[in-house]
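Use these hints to put chain B onto chain A, whose structure you have.
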Amino acid sequence: MEDAGTIAAWAAPGREQTAAGEEGFKRLYEATSRPLWGYLHHASGRPDVADDLLQETYCRFLLRQAPAMDEAQTRSYLFRIATNLLHNRSRSRDDAAQEEPAEYGVENDEETRLDVQAAMRHLKPRERELLWLAYVEGMSHAEIAAATGLGALSIRILLYRARQKASGFLRPQRIK
Amino acid sequence: MKRMGCEHETGVIRALHSGEWTRELRLHVAECPDCSQALHLAEALRAVAARAEVHCHPPDPHWILQRSRRMAREIALRRMGRLMAAMRTLAAVYVIVVAGWLVRGYAALQYREVAAAMHGATREFGLMGVVVAAVCVVAGLWPILRQGSASR
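Chains A and B, in that order, give the protein sequences.
With this note's numbering applied, the first sequence corresponds to residues 1 to 176, in that order.
With this note's numbering applied, the second sequence corresponds to residues 177 to 328, in that order.
Certain hints may be false.
Said to hold, decoys possible - Quick list of the computed label-pair ranges, beta carbon to beta carbon: (1) B/Val230 x A/Leu63: 29 to 37 angstroms; (2) A/Asn88 x B/Asp236: 22 to 30 angstroms; (3) B/Met263 x A/Asp52: 35 to 43 angstroms; (4) A/Lys165 x B/Ala262: 46 to 54 angstroms; (5) A/Arg64 x B/His204: 36 to 44 angstroms; (6) A/Asn88 x B/Leu278: 46 to 54 angstroms; (7) A/Pro67 x B/Ile251: 14 to 22 angstroms; (8) A/Lys26 x B/Ala248: 51 to 59 angstroms.
In case anyone wonders, no lab produced these hints; they're calculated from the structure.
Just so you know, even glycine gets a beta-carbon here, dropped at the ideal spot from N, CA and C.
Extracted from the complex, chain A is given alone in its bound form (with noise of 0.2 angstroms):
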């Protein structure tokens, strides 16, 4: 979790245009860059992708000049910003093709990454984003919800649903 001063010092309007603004904005950015561009890698399926509406994200977020925010706030906030913009983007795309879940590099455990990349194939675009907002980002339904758009109450369907779908490509957990 993100250090709590780092997203908090990021609060007065006007906040980019100061020296103090501009390393609150680089502390922020450190703090959230690497998570968000692992939900839209993992949510569009490509990295040349990822890093395009990361640094969408950041330039709608500090153009829009929004209110001052917590922590949890900004972070759902940008969240919010980064499903919009891939929500934009397979709308204007025709070749549904393009949103194939992504590759990810051979590591050691290649077992549990070949039944990641078999569950999330099988996954709507919508789904992958619920379960990486849930598992990954340890998000809760109130704060998915802020970052989705959808009613709190349905994510908790979605997401049971999704799980459901996804936990069937797993292999059976082994014995620790």
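Frame of chain A, contents of chain B only:
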């Protein structure tokens, strides 16, 4: 009613993130198929996320700041451009309407009689007012109309 997951699932995922497991929670996960499934999936996804981070090379934040300022300038320019276009349209409409009004209305409103009724200082003062108003209107409209014709 159909079961939609376990109420402890959020707590389990939170514990996975923080590493703060309680004995009760561990026991619950061992017994609850929903929580154990959620935990298994979360661990797999987090492992994949950790590996994917190797490929993440976010650009310099300074560059993002500069790009956002450039975008802000472009947006402001576009907004001003729209405002100027609206002003040009209004100016053109104003010129046409005033020209029509002067040509048609001059006879109808019998300005000659009004002007003839004026005399001495009143007449000079009135004429000066008309001239000053005309100069102000032309000086105000000229750059706007000229810019509009130049941009076309």
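For each hint, the structure was consulted:
1. B/Val230 x A/Leu63: 29 to 37 angstroms: Cβ of valine 230 of chain B to Cβ of leucine 63 of chain A: about 31 angstroms, so the range 29 to 37 angstroms holds.
2. A/Asn88 x B/Asp236: 22 to 30 angstroms: At 25 angstroms between Cβs, range holds.
3. B/Met263 x A/Asp52: 35 to 43 angstroms: With Cβ atoms ~37 angstroms apart, the hint holds.
4. A/Lys165 x B/Ala262: 46 to 54 angstroms: holds, 53 angstroms
5. A/Arg64 x B/His204: 36 to 44 angstroms: For histidine 204 of chain B against arginine 64 of chain A, whose Cβ atoms are near 42 angstroms apart, the range 36 to 44 angstroms holds.
6. A/Asn88 x B/Leu278: 46 to 54 angstroms: holds, 52 angstroms
7. A/Pro67 x B/Ile251: 14 to 22 angstroms: The hinted range 14 to 22 angstroms holds for proline 67 of chain A and isoleucine 251 of chain B, with Cβ atoms some 19 angstroms apart.
8. A/Lys26 x B/Ala248: 51 to 59 angstroms: Between lysine 26 of chain A and alanine 248 of chain B, where Cβ atoms are some 18 angstroms apart, the hint is violated.
In this structure, the one hint that does not hold is number 8.
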